[in-house]
Amino acid sequence: MKNRNIDFSMVLALAVHDMKNSLGMLLNSLDELRAENEDKLNDSSRFNTLRYEAERIHNDLVQLLGIYRLGENNLSAHIEEHFVPDFLSEHLARHTPLLDGLGIECSIDAEDINGFFDADLLTGALNNTINNAIRYTKTRIRLTANERDGYLVIGVEDDGDGYPENMQHTGTLSFKSLDFNTGSTSLGLFFVSAVADLHKEGERTGYIKLHNGGHLGGGVFEIWLP
Amino acid sequence: MSAPDNKSTSGTNAFGKLAYLVIDDFENFRLSMRHMLRSCGADNIELVARARPAVQYCTYNHVDVVLCDYNLGQGKNGQHILEELRHKKLLQRSSLFLMVTSETSREMVMGAREYQPDAYLTKPINRAMLEKRLGSLLDQRNALLPVNREIDRENYPEAISLCMQALSRLPRYKTWLMKTLGELYFLLGDLSHAIKVYDEVLSQRELSWARFGRCKVLLASHRYDEAVESLQQLVTGHPDYMEAYDLLAEGLERQNKPGQAQKILERAIDYSPNALLRQKHLAKLAESNQDMNTAAEAWRRTVSLGVHSIHDSPSHHLALSHTLCDLSEGSTGKEGVACADEAFLVLTNMEKQFPDNDVLALRSQIVQCRIYAGQEHAQKAEAILEGIRPELTSTHSLGVETSLDYAKTLFRLGYGDEAKVLLRELSKQFEDDPGTLKKIESLMDEPVGFRMKVKARRLNRDGIEAFESGNLKEAASIFTKALEMVPDHPALNLNQVQVLMKEYESNTYQKDLLERCQHHLSQLAGLPVQHGQYRRYLALQRKLKALNL
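Residue numbers (the working numbering), protein chains in the order written: chain E, 8 to 233; chain A, 38 to 586.
It is possible that part of the hints are untrue.
Unchecked claim - With a cut-off of at most 27 Å between alpha-carbon atoms, the simulated BS3-like pairs for lysine-lysine come out as follows:
hint	chain 1	residue 1	chain 2	residue 2
1	E	Lys207	A	Lys548
2	E	Lys47	A	Lys160
3	E	Lys207	A	Lys233
4	A	Lys582	A	Lys548
5	A	Lys211	E	Lys207
Said to hold, decoys possible - Label pairs and their in silico Cβ distance ranges:
hint	chain 1	residue 1	chain 2	residue 2	range
6	A	Asn293	E	Gly157	30 to 36 Å
7	A	Ala156	E	Phe15	34 to 40 Å
8	E	Glu45	A	Asp189	48 to 54 Å
9	A	Gln129	E	Asp50	43 to 49 Å
No wet-lab data here; the hints were simulated from the structure.
Even glycine gets a Cβ: it sits at the ideal position worked out from N, Cα and C.
Whole structure, please, built from the sequences with the hints as guidance.
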């Protein structure tokens, strides 16, 4: 071997890519298993945990790849116009087996509007937030979409205990805000915040907003897109 | 409020009437896809594992929805299948092609996206997801079917008026309608309406697809500077927008900046190396820039990407062998020999891959002959030439490319006169075809290998510089050196004439300067009227006459 000049982050990215694909197959098999054994598995909390944690790792890996590409500076938003209610319901469908399994009720309350955003990027961001909501909610999740102050606001609400004081926040997270000591690295939040930031229109930039309350009285996550 | 899992009755019905084709190399996945489709109400579902049966099935059966895995193991991938189906028109525009991928990333699908799938489905896929996604795609398909039907019939004016009507009725498909309108006006050559469509979209918001469409129209309207500037901004803002690089390179070429165009394509290929047509574009550009190493690499990739592609062609293999032959010429060291060997291998493989093709076999021999000559194996070269000469007597039956290549070989083996006869015959035959004439001229002007060409061109530039700074003696000696390499080169001869005349103006007693001028002008006696240097030639001839009086 002449060339020993290994680009480590590239190697990591390739490895992550491969793991992500394997997990994709695993998730697929889990859904098939559930479909074949609906009577036995739907109430199995161990099976639900298995499915949930696998999905979580999958999402983490997707985000890692996203952040890698952010660092390489070759991630840009390809903004197109989308019909928001369709976009949200297609999204929720991805989580349907798990939601059914966990007995979580989920609703969409979206205005019939078109929004401008990069569907691929927002898919990653929403998956992450919905997954988070699944983790902290008690019984219900509500997806909302409406227009406020000229921004498209997509919200994910739950009826859990809400975000702790120090996490409630508006704006853009910087990479420095990641804290590896608390266990929860907020890597997901960082990624979602970066995705929001990639959406620009004129002088305005997208951002995220975390607070408590909403219709369900729990945590409210909002992504504001110009 | 709408519950997430409400099955729209129209959606369920829409599934039932259609024909599906599922392509995946994993049996489990095929079966589970069929299971999911059936539970959505589909009935007519065909499962295949590979590209060949997929294409075959589409040849003999109508398919409404293709669900194709991108990664099919060895051989063709999903993109290859999509290209083949759309290229051969086996799949109508009104049919849906869904690419199933296990990646959310875009890089693997960033190719020359001549054909794009109607949607991507990211694994893992569950039934609810499939039903929702496919359901809304089918709703869209049904709503837009009248437009697509007219496009399939190539009745663009009717398609345009249907789009216009739909704009107010179907606001949720506005992006699709505006995109399609822009493309249709462009296809019809109605550039002013096309640009209006894009301007209208852009007046509401900066959207990269509309900016791109606008640039395409600008280029077609010969507004190169505006297009290039706008595209440069586009690739700066969206470094992963591959089509923008391709268009930018095209614009730079039109502006006569082939060097910059090449750099742009090289940047695009750094991001996405797997687009055959982009590699081919780079290869041709590098070749005309005399950057043979880059050209060879790009042709290599073009050939290897061709293995599974509908765009494969023996001309790529030939072009690669030409470039390698150029690189090996006059270089008998290790590298030269390696290039020559590779060129032979490329030709052998080509003949194997495209058997029973007499023209290709002949063209292969023409190149082989030149490779031997360039490697100083004169005897081998002569032997091949003896063998093919009888077949190459008339340009009429040969075709332009073969004739030009044969002439090139003749020049290299020292049969310049024979080559010139052939080329004159050819230019008579194509006197109404400026493109071909241009090719003939450039071979006549510089009938040497690319290294010598590059040297002569550099000397020409140096000579002009010396002339402009008033250093006439220096200029004359530089042009003399260049003319030793390419004695028939019109521009060089005329440059020399100008230098000598200028010198004569301050030294009118040196009559021999005028004699030298006469010599260079006589060299160009056969210059064809349509040649780019012809008017300059006449002007200098008149001037010389005046000086001689």
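A quick look at each hint next to the structure:
no. : hint                               : verdict
1   : Lys207/E with Lys548/A             : violated, 73 Å
2   : Lys47/E with Lys160/A              : holds, 25 Å
3   : Lys207/E with Lys233/A             : holds, 24 Å
4   : Lys582/A with Lys548/A             : holds, 13 Å
5   : Lys211/A with Lys207/E             : holds, 21 Å
6   : Asn293/A with Gly157/E: 30 to 36 Å : violated, 45 Å
7   : Ala156/A with Phe15/E: 34 to 40 Å  : holds, 35 Å
8   : Glu45/E with Asp189/A: 48 to 54 Å  : violated, 42 Å
9   : Gln129/A with Asp50/E: 43 to 49 Å  : holds, 47 Å
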